[in-house]
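Please build the complete structure, drawing on both the sequences and the hints.
Chains as they are written, first to last, in this note's numbering: chain A, 119 to 301; chain B, -10 to 173.
Worth flagging that the hints you see were computed from the coordinates, not collected in a lab.
Only a predicted model underlies this, so the values are computations on that prediction, with no experimental measurement involved.
Glycine included, every Cβ here is placed at the ideal spot set by N, Cα and C.
Certain hints may be false.
[As the list claims (entries may be wrong)] Okay, the calculated beta carbon distance ranges per label pair:
1) A:Ser298 / B:Tyr171: 25 to 33 Å
2) B:Leu(-3) / A:Lys179: 43 to 51 Å
3) A:Glu296 / B:Ala45: 40 to 48 Å
4) A:Leu177 / B:Glu65: 52 to 60 Å
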Amino acid sequence: MQTITEFETDRLVIRQFSEADAPKVFEMLSDEEIARNAGAPWPYEMKHATGWISMHDDLFKKGETLPYAIEVKDTEELIGCVSLNNMYTPNGPGDLGFWLGRNYWGNGYATEAAKCMIEIGFQTLGLNKVYTFCLSGNVGSEHVLKKCGLIREGVLRQQMPRGGKFIDMIYYGILREEWSQTI
Amino acid sequence: MSTLQFTLQTDRLVLKPCETADAECMHELLEDGSVADVIPGLPHPYSLVEIRECIAKDIELDLNGETSHLGIFQKETNQLMGLLMLVRIVKDHHYAEVGYWLGSDYRGKGYMTEAVKAAFKHWFDQFDLNRIVAHHIDGNKASSNVMQKLGMAKEGEFVQHIWHQGQYRNAVWYGLLKKDFYAD
Ligand SMILES: CC(C)(COP(=O)(O)OP(=O)(O)OC[C@H]1O[C@@H](n2cnc3c(N)ncnc32)[C@H](O)[C@@H]1OP(=O)(O)O)[C@@H](O)C(=O)NCCC(=O)NCCS
Ligand SMILES: CC(C)(COP(=O)(O)OP(=O)(O)OC[C@H]1O[C@@H](n2cnc3c(N)ncnc32)[C@H](O)[C@@H]1OP(=O)(O)O)[C@@H](O)C(=O)NCCC(=O)NCCS
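Structure (structure tokens):
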């Protein structure tokens, strides 16, 4: 597995997390909606952030789960995470994930970071497909996925318990051949 | 070796956990490769030793409550014909996935629909499930028919989601909600 660990977009640097990022990760994920949507433990504690980051070198060596930090070029501020996950099977698809600290929503950053991650998936990792599951009602996330060219392929009904109810999860995906027509 | 001692009965079938002594029979059922052709990840060829190890491992997972495997036996002859399994049980999510196969001599007789229906009644309860899903690769008409006969609804066809035998294949996804299963 090739382990290129830094990429650039217009406004962002996509890089590996380091130990020094833990306090900021802890701060951003101390928000229940974000932590739950990111699949992080709740309540979120500082030890979750340090423990998670300490696993990253191993994750990158294995290559099945690749979590990248999103940093704003101008301010060098860490604003969130974008990742490709669940790449367990040979030639299998990559599962796209992303979250931003609440202060950074609404600036197009998630779209910019996700587009970069998709390009990493197809170009650097040679994936055939990028997909993800998005909670029904997560309007922001669905917008990001659509802007990145992902297509809705199905709905897993009542897949996820949340607030005493079971919520649908929507499957979005994009194939390499579809993506290559968008660039 | 201890196993979970329980048995489900239908008109024509007995469903119960397999024992390592069933390995030879299972080896015969799988030998023609027709099951491995439609179930990604199932080894082929699959040696007797590997099958025995797999049964032993499944028994252990079942005892831990992580999975539930049921051999499908013909009531009259006590012949093992195939396997039915509940896997990826996520207790917090009240969710699990079902998988199944029959040896080629035993297909097309309505056995699987009969077997899965009985197992669902048991599993929804035993594992306090809200939802059971099943998926097959594109083109597996027999399996999609079983899913439909069980009242499962097609929830999506995930294009080229699976790499199987040198090709990208679609994953066809079906789901069944507890309320719909008991509505019938
Ligand atoms: C989802 C999330 C990453 C969006 O980040 P973001 O940087 O605000 O998204 P963008 O700015 O790139 O938004 C893309 C589009 O969605 C729209 N959008 C974003 N949030 C929205 C919301 N809550 N409601 C409606 N539209 C929204 C934006 O207006 C933009 O559309 P436009 O370009 O036409 O104006 C962010 O809200 C988040 O971190 N949420 C919690 C974690 C999460 O849900 N992750 C996704 C798991 S699948
Ligand atoms: C899929 C499988 C378990 C079905 O078991 P089965 O006992 O033959 O199924 P049933 O007899 O209950 O058939 C259910 C329906 O499917 C139909 N069917 C069965 N085999 C079929 C085939 N090859 N093509 C089209 N329809 C078929 C039956 O006619 C029946 O419909 P009907 O009642 O309207 O006539 C069996 O074919 C098998 O083990 N195949 C190989 C392994 C496999 O595919 N496992 C599932 C992986 S997802």
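- Please flag the earlier hints that this structure goes against, numbers listed from lowest up. 1
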